[in-house]
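If you're matching them up, the sequences are chains V and H in order. The first sequence begins at 1 in this note's numbering and counts up one residue at a time. The second sequence begins at 1001 in this note's numbering and counts up one residue at a time.
A few of these clues could be false.
From the derived model, a few chain V residues whose C-beta atoms are all more than 12 Å from chain H [said to hold, decoys possible]:
#	residue
1	Asp-153
2	Glu-170
3	Thr-263
Partial list, derived from the structure: chain H residues whose beta carbon lies under 10 Å from chain V [unchecked claim]:
#	residue
4	Ser-1026
5	Ala-1036
6	Pro-1039
7	Arg-1040
8	Val-1042
9	Trp-1044
10	Ile-1045
11	Arg-1051
12	Arg-1054
13	His-1055
14	Val-1056
15	His-1081
16	Ala-1088
Across the chosen pairs, the derived CB separations fall in these ranges [claimed, not checked]:
#	chain 1	residue 1	chain 2	residue 2	range
17	V	Trp-193	H	Pro-1039	47 to 57 Å
18	V	Asn-128	H	Gly-1085	27 to 37 Å
19	V	Asp-191	H	Leu-1080	44 to 54 Å
20	H	Glu-1037	V	Arg-344	35 to 45 Å
21	V	Arg-186	H	Asp-1023	51 to 61 Å
Derived from the structure by calculation, the hints contain no laboratory data. Glycine residues also receive a C-beta, built at the ideal position from the N, C-alpha and C atoms.
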Amino acid sequence: MTELLVGTKKGLFVLRGEPGGAFDVVHRAFPGTVVEFATFDQRTGRYFASVTSGFFGPRVMYAEDPTGEWEQAKGPAFPEGTGAEVERIWVVMPGEADGLLYAGVDPAALFVSTDGGETWELNEGLWNVPTRPEWQPGLGGLALHSICPWPADPDRLAVGISAVGVWVTEDGGKTWRTGYTGLVPRYLPEDQWETSQDLCVHNMHRAPARPDRLFMQFHGGVYRSDDAGATWNDVAAGLPSGFGFPLAIDPGDPDSAYVIPLTADRDRVTREGGVRVFETRDAGATWSARNEGLPQEDAYLTILRQAFGSKGEGDRLQLYFGATSGEVFGSADAGRTWFRAAERLAPVTSVRVA
Amino acid sequence: MAIVALRAPLKDLAGGRSEVKVDGASVIDVLRALEAEHPRIVGWILDEQGRIRRHVNVFVNGELTREDAPLSADDRVQVLHSITGGTA
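With the hints as extra help, turn the sequences into a complete structure.
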């Protein structure tokens, strides 16, 4: 039995089923409300959902049973005096110490919980970096959406921000440096490519088996860093497009990554009416299309940045992604074959495997 | 005491009560007192900077008002979400 947490524009759908066929919708939580993200903390068995009411604002909710009662966390909320208010909560990520979790929000900020996600405090170090007044949002806002802990070391962390690039701390969040050498913002004039910090990261993951390696889906490019985010190499050659939003990895293979290319930033749907996941097993040197079981005709899907989740590793890696069409597709064999797990849900914003 | 009238989902967060009597000399005082009495409402009407949320409307005796409006005893404060802010 596999359990999926599918965040949508109209609530959280809890799906359960056996890989290979349609899953059952066993519960819908937060009806009528945007669920930007939902995840499961394997360490504690606790579920988290980022829930945003267009009227009453965003909040983190948590539960021990996703089909039962959810509790509202205290925060994330900006301290008085910052003048800021949380607009969206893009991601909740377990950290590398007991009770430690992170939340990334818009406007770009990192919140930290040390009590298992019940209370949250602003990371002042990142909030107060001197360049912040110059930070520019992407189309989706000024969003801190990717959080990459370093295995077994809570002091080391990388975050991805749209559109302010990659920020790294090695002292538990007291100080931060940005690392962007090699990222090319082709959406800007050429004379700004080497100096601009308007870097639109779409998604970023660390390879836990080789923690100095990160993969990134950029706004027009796929990149790999082998030095913990200091420099980046374009590995998009071989992909039909460098544009897309989500990215996944096989945690057991540091040379692996999966992306779902879209046509271009001016046409954010799957290319030529076919849905294709691309996989690399050689760190981006080559890519292979994985589309067996995915629709290949008249399928113009948009897969958003948090809508690609995984569980397991190696040949038993499970991959699931959802589209704004309300469909969810899955693979139980590391992408070799795919099946439709759900359809006719609300537009999907996030997918995670519990 | 002012009477704060609530509808779902705020009513649910106030233990199912559609009317709550709270003390306060201004709208912000009353809303803060409401939060103190019903902590699950924290963050729903006021944002973290103490401002009424952009897509929430507060009426006093039927008139749209803002945070610093003064209140008298027995004023009726209605909290409603606006017709904007939702998704299609």
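Verification of the supplied hints:
no., hint, in the structure
1, Asp-153, "holds, 31 Å"
2, Glu-170, "holds, 30 Å"
3, Thr-263, "holds, 24 Å"
4, Ser-1026, "violated, 18 Å"
5, Ala-1036, "violated, 14 Å"
6, Pro-1039, "holds, 9 Å"
7, Arg-1040, "holds, 6 Å"
8, Val-1042, "holds, 8 Å"
9, Trp-1044, "holds, 4 Å"
10, Ile-1045, "holds, 7 Å"
11, Arg-1051, "holds, 8 Å"
12, Arg-1054, "holds, 9 Å"
13, His-1055, "holds, 5 Å"
14, Val-1056, "holds, 6 Å"
15, His-1081, "holds, 4 Å"
16, Ala-1088, "holds, 9 Å"
17, Trp-193(V) <-> Pro-1039(H): 47 to 57 Å, "holds, 50 Å"
18, Asn-128(V) <-> Gly-1085(H): 27 to 37 Å, "holds, 31 Å"
19, Asp-191(V) <-> Leu-1080(H): 44 to 54 Å, "holds, 52 Å"
20, Glu-1037(H) <-> Arg-344(V): 35 to 45 Å, "holds, 42 Å"
21, Arg-186(V) <-> Asp-1023(H): 51 to 61 Å, "holds, 60 Å"
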